[in-house]
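Student: Residue numbers (our numbering): 8 to 516.
Honestly, the hints are just simulated from the structure, not real lab data.
Each pair of labels, with its calculated beta carbon distance range:
no.	residue 1	residue 2	range
1	N300	G228	21 to 27 Å
2	S82	G58	32 to 38 Å
3	L334	N146	50 to 56 Å
4	L334	S82	21 to 27 Å
5	G414	N146	22 to 28 Å
6	T150	T417	18 to 24 Å
No farther apart than 27 Å at their CA atoms in a straight line, the calculated lysine-lysine pairs in the DSS-like style are these:
no.	residue 1	residue 2
7	K142	K65
8	K416	K226
9	K226	K428
10	K331	K259
11	K259	K382
12	K331	K382
13	K416	K428
Glycine included, each C-beta is placed from N, C-alpha and C at the ideal position.
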Amino acid sequence: MWERRTRRKIAAAARKIKNNTSIQGCILLSAILILFSGYGVYAQENGIATGTVARELKIGLDTLWVVLASVLVISMNAGFAMLETGFCRSKNAVNLLSKNLIVFGITTLAFWSIGFALMFGDGNDFIGSQGFFLKGADNSPATGSDYEGVYTALSWTGVPLAAKFLFQVAFAGTAATIVSGAVAERIKFIDFLWFSFLLTAFAYPLVGHWAWGGGWLDKMGFLDFAGSTVVHSVGGWCALTGAILLGPRLGKYSSNGSITPLPGHNLSIATLGCFILWIGWFGFNSGSTMEVNEHIARIALTTNLSAASGGLAGTITSWILAGKPDLSLTINGVLSGLVAITAGCAMVSYGNAITIGTIAGILVVVSVYIFELLKIDDPVGAISVHLVNGIWGTLAVGLFADGEIYGDKTVNGFFSSGDFKLLGIQFLGVVAVGVTMIVLSTLFWSVLRLLFGLRVPPEEEYVGLDIGEHGMEAYAGFFDFQQQPPSEELQSSSKDWQSQQPPTKANDS
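Using the sequences and the hints, build the whole thing.
Tutor: Structural data, given as structure tokens:
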């Protein structure tokens, strides 16, 4: 009898725990406390020094933070996929989703085998030359003078090499996926894949080494905390050259030069993409500490303030210029604020973060209109968001950097010191990276045009890349794209398309 009552009480208690999440949380917390207290007893009984325990605990927490931040940054690929797909037409949705999915796979392999060594491996002021395939001496998480290995540029952070690589490859993937939106709806799938490989294996690591790998820009004092230039303007320059060489989409400009709107098919998923990117950016910027410290919350707040002010400024600016608030420009205003604060998120005040974001929100709207007038067709506004505001954010460090906030009193922008030195260094970095990326990306695009041709045929572009490139539709049964374009549109675009194709015997004759 007593045993049956006891079993019933135990069963009732188990049901209560199962149905009460608060009790479950308390049990989990208690288990963690017991685990740590048990380890402390073990350490004392076995003579483990308190300093050793503290060091191991810090390494564990730092590693956990870097891995979590990496996951946040990697999740931004989902944000880019939703954003680009929503901003483009439904007949190209599969193509855009495919590019945003596969690009991180290509980036991971390219950066693991080649890019990481060129960017962070020991070498000279221009390029790294050791540590390919993550092989080579490395005693991470040792730091400073205790570090012995071939990745000296990352010896300032006390986490294992795997965590360092995971975080940096997430950044490389971001640079590559920026290009996707600007060349959307007309580039051949194979060209984008090869360009992503070349970018993340060679071009991005080259300029990244200058700024983050102990290269010549780093030694001059160039500051780009989380990548306004190294990540965003690098992707932006590639997007610009690609959009120019490809030319505008079929039907974007009429014969008299007037602009024909080609609106995206789903602003709902574009807005979702913006929110995913906004959340992921906290890993992007705060994670760049690569350790758990007191600066993480401040960086997160400056990031959020700039995004908020950028979104508001973009909304108001579009309202003034177009007479109505434009959701697409609100989205890009938020993203422009995030891009602009990325370089200086750890070294500017809250008020200046709002200033940076506000200017970014205005710039993105104005630049979208300017690029349209210049007939540079960018379906998602990637050039305006990442290039224009990557440049602005980098220069803003030279204006607003505060050494007291950053923890280095030698780092002060013009408004803190009255000195143009830092602004000059920032400007030099922007120019050096810009010229290099224009040359390299133009070279990459040109070689790919010779090998494969850059642009899909006009008939395929009209029907949509989903059918032409992939043989499937994102919304099967809902839309019918199996119609022929007007003959005059095909005739007017055939000459432009032929210029994008590799030379053949027929063309040579």
